[in-house]
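Please model the entire structure based on the sequences and the hints provided.
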Amino acid sequence: MRQISMRELYEILKQIFPLGELTEQRSNLAFITVDRAQLRPLLLHLRDREGFTHLVLLTAVDWIEDGSFQLTYLLCDRLGQRDLGLRVMLPRDGAAMESIHDLWPTAATYQRELREMFGIAFPESPRVEEDFILEGWTGTPPYRRDFDTLKYSNETFAPRPGRETRDPEGYMKEQLYPDGN
Amino acid sequence: MEFEWIKIPYSMLTLFIVANYGFLLTAVMAKIAARVGRRHGIPVWQNYLDLIKNYGLRSSITHGVMYYLGPVFRLSGGVGLLLFVPTIYGTEMFSNMSFAGDLILALYFVFFGALGMALGAAESGHPHSAIGVSRGLSQVTAAELPFALAVFAVALQYQTLSITEIVAAQQGGVLHWTLFSNPFAVAAAMLSFLGSMMRPPFDVVLAPQEIPIGPPTEYHSSYLALLQTNRAIFPIAKIVVYMNLFFGGAASWPVFFLKVFLIYLFSVFVGVAFPRFRVEQSIRWFLVSAVPLGVIAIVLV
Amino acid sequence: MRDELKKRVVKTPDGQELEIEPLRDYYCEAPPTVMPAAYSKIVEGLFNWARAESLWILGFGTGCGAIEMRPLMTPRFDAYRYGIQWRPTPRQANLFVISGYLSVKTLKRVIRSYEQMQNPKYVVGLGSCTINGGMYFDSYNTITRLDEYLPVDVYIAGCMPRPEALLSGFEELKRIIKSGKAEGANRYAENFDWYKANQKRVIQDWDMPDYNW
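Top to bottom, those sequences are chains A, B and C. Number 10 in my numbering belongs to position 10 of the first sequence; there are no gaps in the numbering. Number 250 in my numbering belongs to position 250 of the second sequence; there are no gaps in the numbering. Number 51 in my numbering belongs to position 51 of the third sequence; there are no gaps in the numbering.
Hints in this document: simulated from the structure, not taken from any laboratory. Values in this document were obtained by computation on a predicted structure and should not be read as measured data. Hints are all accurate, no fakes.
27 angstroms max Cα-Cα, derived DSS-like pairs, lysine-lysine: (1) C:K41 - C:K178; (2) B:K259 - B:K7; (3) C:K105 - A:K151; (4) C:K41 - C:K181; (5) C:K196 - A:K151; (6) A:K151 - C:K200; (7) B:K31 - C:K178; (8) C:K7 - C:K200; (9) C:K200 - C:K108; (10) C:K105 - C:K6; (11) C:K105 - C:K200; (12) B:K31 - B:K259; (13) C:K108 - A:K151; (14) C:K6 - C:K200.
Just a sample of chain B residues kept apart from chain C, beta carbon distances all over 10 angstroms, derived: (15) E4; (16) K7; (17) V28; (18) G173; (19) W177; (20) D203; (21) V295; (22) I296; (23) V299.
Positions of the beta carbon are idealized from the N, C-alpha and C atoms, including for glycine.
Right, here's the structure in full:
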């Protein structure tokens, strides 16, 4: 039996759900932008009907210029050896999202991490309020792009004086092409 | 029976020789095991350095009275085993405190140290110590069974409980050794020997990776130094018992050194060739492989 | 602070009421004291020589550098030749190798392990990360200077240093110990307040006593 391509899968899904645009990275990797409300039924459909049984990862991107977070749910079809990512855009202010830990229990761990690193709330997720990696962190979540790591590090960790830091691009040019060509 | 005071300095001399031989021998054995892995291994004097360093630590802490007594019991188990068994057959000087029923006492002392260690390690309160002790006691108990059977077989065979008389009965040529007159007993005892030497495949008690080194987890500085001293003396003392019971004893120090070395080497050979047993596997192994040999030995006698 | 560490009253099965305060009950809180050297110079010299030739490393890989320590046990490098062994428990170890970057979360465990080691004890900082942060100089949870928090005897530079560099670093440490200058544990005891203040500034949820062994 010939496996249907990502484009064909997208067309089939589009008849059932309102979908955003499709981004095809490779023949076995594609991303679909979906609405927040469509995410849960779409995940269920993909898991139970289309064979995408494995949640590879759940991660976030901080689009600070647009004022939004992008959540990426990456699913894997083990038999078909292909991955499909679902992108959901959230408003950056007071970001919160429905939990999917009842679909994949592993999601609870990802959601704990996202709450800690990005400050995205997942109200129903189990143990989501516990510390994950950072112990007793109170400031801005460190993966948000308005968090200045260098400034924080300099203020907190007493840097040793005398450290030289070079711009990698300029330094490479200087080393490899000393005469400026 | 009158006690001869001269025995005390004599047995101290025995203890001194055996302890130093033990330090060097364990280092040589570590080197042999390292050569199997194509390493050079520790220097032969490393044990002395470790000992001085541990005695030289400036601070030490305690967990209570039994914590102190644990290493002391362990060491007295090793020293007691050595002192109540004739080290060199036929000499007044190195016969130590041997007497008519010393075989039974030796059996008791083999176990004594492990029990003392269990008490001390339990007081230290570290969970890994408790795991190590429970593993150790069950394994030592299982290993002791074939040894006890073999000892009974030998005692029946020679109709005596005195180690000196057992050695005396084996004199007059290699073929008089228990090794040839009662091979099943020797086989059972040597399998049990593997289990009590804390070498692979029976070193899960100390398990360097899963439970950090087992019972002595909390022991440090002088306590650890006592344990190290015991680790030098105890195997030798145990081998002395084996040598006297099964391999014709030793009539002089060179013969003693050679026989102890060879018997020790047996466990090292097995150790470098086989991976480690889990406790339930090793108990099953002792009960299935070694105990029947001991039973056969008793039946044949 | 976690709930199970808070001071509270518990009821025993036979109806007795006990007040427990885990931080005080489970740990010994006495601060470290400066331990004098042996009375005689000759004895101290002998001890220092033995300490130098018998380095027992605590088997605690704190960062990526732990992977560089494994080859030391293999036939190619064979650190056992130099009297270097690995011990799995801090009670018996006398050398702590901070292998590579040290995150704040690990620092907390490192401090506890370090304080459980017995005097004299030595610390080797391995890799650039322990010296000035290395490639993690701008990280939000990686410390940049190890000697702010623990008394360091030797730094081994590199990212990562090869096993040969490690061996040469250990030889350097031996030289320092033999000359009687490796008194890190006593320095820690003397400047205890300063070290504690530094540690507490970084570790946000300090849920252990100031000194725990």
